[in-house]
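**Q** Here's the letter readout for the chains.
2 protein chains.
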Amino acid sequence: MEDGNLLFYFFIIFFSAKIMGEICVRLKMPAIIGELMAGVLLGNYVLGIIDHTNHVLMSIAEIGVIFLMFHVGLEIRVKDLFAVGRTAVLVGILGVMFPLVLGLGSMFFLGYEFVESLFVATAILATSVGISVKVLQDLGLIKHKVAYIVIGAAVLDDIFALIVLALVKGLARGEFHALEFFLLVIEALAFVGFLTMWGPRLAGRTRRWIEKLNIPEGPFVLSVILCLGLAYLADMIGLAAIIGAFMAGIVIDELAGVYDLENKVKYVNEFLLPFFFVMMGAHLDPGAFLKPNLLFLTLLVTAIAVLSKMVGSVLACWKENWKTRIQIGVCMVPRGEVGIIVGMVGLSLHTITKDMYTVVLGMSLLTT
Amino acid sequence: MEDGNLLFYFFIIFFSAKIMGEICVRLKMPAIIGELMAGVLLGNYVLGIIDHTNHVLMSIAEIGVIFLMFHVGLEIRVKDLFAVGRTAVLVGILGVMFPLVLGLGSMFFLGYEFVESLFVATAILATSVGISVKVLQDLGLIKHKVAYIVIGAAVLDDIFALIVLALVKGLARGEFHALEFFLLVIEALAFVGFLTMWGPRLAGRTRRWIEKLNIPEGPFVLSVILCLGLAYLADMIGLAAIIGAFMAGIVIDELAGVYDLENKVKYVNEFLLPFFFVMMGAHLDPGAFLKPNLLFLTLLVTAIAVLSKMVGSVLACWKENWKTRIQIGVCMVPRGEVGIIVGMVGLSLHTITKDMYTVVLGMSLLTT
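Protein chains in written order, with this note's numbering: chain F, 1 to 368; chain H, 1001 to 1368.
No wet-lab data here; the hints were simulated from the structure.
Take these hints with a grain of salt, some might be off.
Said to hold, decoys possible - Simulated restraints, written as ranges between beta carbons of each label pair: (1) ILE93(F) with GLU1254(H): 32 to 40 Å; (2) LEU202(F) with ILE1237(H): 28 to 36 Å; (3) ILE49(F) with GLU1254(H): 28 to 36 Å; (4) ARG1205(H) with HIS55(F): 51 to 59 Å; (5) ILE1186(H) with ASN44(F): 33 to 41 Å; (6) GLU113(F) with LEU1202(H): 54 to 62 Å.
Stated by the list, open to error - Cβ-to-Cβ under 7 Å is the rule here; a few derived chain F residues that face chain H: (7) LEU90; (8) PHE114; (9) ALA241.
Beta carbons are placed, not taken as given, at the ideal position from N, Cα and C, and that holds for glycine.
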């Protein structure tokens, strides 16, 4: 790629993502919808300015999503995960089971292959922590009990989705072997379990050693090394790289507060993330929605995604009053970035078709 | 590039750059020497882990150097540029003239072509602001008059070097035409002059508008857009992209303080910059220094670089006492990153040979 061209791509991607983001925020929609729309506009199917097969831009998008998951991991406190209590766990589990079973069932019923159905089901079972928190803020409920339950449940759902994604990814790569499936579950549980239980303690013990570092911004540098290292490790053992990055965020939980890492990683994220959303948007062919059956499928998947999640969530908190139950149900709906990530992984493994990616992306946009 | 491979490269580059950086800092050397050495080790000529022709990694290195120059621009206050007075300007000008004339003269005398000689002369006329400031801090002189003169002069030298680089780049691309040369000078002066004189004022007036932005981190986002935009513009009109990025830093000078932009850009920089230094190091063939004539040339160029800069600087501040004059002379020696940037531009334009790049890089390492 020519020097000037590269700069042009960087400028136009960053610029249009942010302009569209600003427009969406003013229309009271999340900024990421604007960034995705910018990608759709710039992509091959509309203006043709950005080539979604461009190697350099896709690589930067990949690093962008790794930093996104790292940042989400940094935002989550392990203690809160353990403290939210039974209701959150129940909302989380039922909020995953209903979409999974309903999604898988209806896709299978419609005649799709098992792995492809599973991908769609995985995409609809996630809940976006970031967007849920935003919705709660807008409703003025952020200090309310509802917020704690929703955030706890959403975090659990994201972890569930990531584990299921790891499994599905393993399945998609090879044939379906019971042993392989079993090994992947063990690997995923061991990786996630070990890092969740012991990671933060181990990280806490390195503090004295970190203080001795002489390079500028030592803690920030170490956290980035851990993020890239665990992402690579997770990818190597057959899990998704994003899970490794997410776990890196969980692991340095305690240190994050001391060294204000969340705020420092945020700026790397702010720079890289638009490339991810724009490149994801560029993969979407808006013309596909003109096909009636694809439009129908998108609306169907979206309806399943919304209803199954709400029913699961509302059932799970039967002890609460109706108002609280409805609030929790509504707040669990947005799928946001995790749904898009699932779609991207499926597309890159050629497990789901481009049409199906369009459906998943459409669903993510609609629920968000 | 495979997903896993990309992550591996990212991890190994970032990790080894920082490890080597830490070792260098402990040995009382600047961290960037460690990052370059990491690149030399990982590169094709030693371990062969990193391929310096890798497109994705070189693109990230390019964005890294753009953010470096943006950050340098943010660190410089336009007011200070005008306030340092005649001594700084004189030190700056003589500190540029001596290396330029001596460098060009001796290279030409040794039988090199005009453009190649000019590249070497350009590489030795720069002074590294960042490293000079570090040296001043180590000497406990940062609040002393010497510091103001050196920083002022170093800034001027960097701008001179960048303008000369832009001219040389133009020369290297086409044949030598007096008209073209003249147009480039006008363009460079107009671009740099307009942005220096009017840029900060224009940027200051946008404050009310910036406050109205709804997207998160609006000021940071706008500053990145300006950086990428001016870098692209500078590249398009025939100047180097890094000059555009540097000028973007100068332009948002006033706003930088208000929104703490320097600190925010720092983290993007911390992440991207190691890729630049490592990839630059990977281009160096340490075996080349085994050739006696190349080793001789490196030492000669380094000697010219050190002596000419010191003589120029010391002559310029004849009004000061001897101690101050020597201090100023010593502080002006480090070439650091700007020398490497000049070398890289020359190499990418095929104007200087790989051997000559090795010489320039060796000089940069030795003076730093």
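**Q** It remains to establish, for every hint, whether it holds in the given structure.
**A** Consistency of the hints with the structure:
Distance hint for ILE93(F) and GLU1254(H): a CB-CB separation of about 54 Å, inconsistent with the stated range 32 to 40 Å. For the pair LEU202(F) and ILE1237(H), the supplied restraint of 28 to 36 Å is violated, since their beta-carbon distance comes to about 53 Å. At about 33 Å, the beta-carbon gap between ILE49(F) and GLU1254(H) stays in the expected band of 28 to 36 Å. Between ARG1205(H) and HIS55(F) the C-beta distance comes to about 41 Å, which lies outside the given range of 51 to 59 Å.
Checked against the hint of 33 to 41 Å, the C-beta distance between ILE1186(H) and ASN44(F) comes to roughly 40 Å, which is consistent with it. The given range of 54 to 62 Å is respected by GLU113(F) and LEU1202(H), whose C-beta atoms sit roughly 58 Å from each other. With its C-beta approaching chain H no nearer than about 33 Å, LEU90(F) sits outside the 7 Å limit, and its interface hint is violated. Interface hint status for PHE114(F): violated, as the beta-carbon distance to the closest one in chain H is roughly 24 Å, over 7 Å.
The beta carbon of ALA241(F) is positioned within 7 Å of a beta carbon in chain H (closest approach about 6 Å), and the interface hint is therefore held.
Hints 1, 2, 4, 7 and 8 from the earlier list are contradicted by this structure; the remaining hints agree with it.
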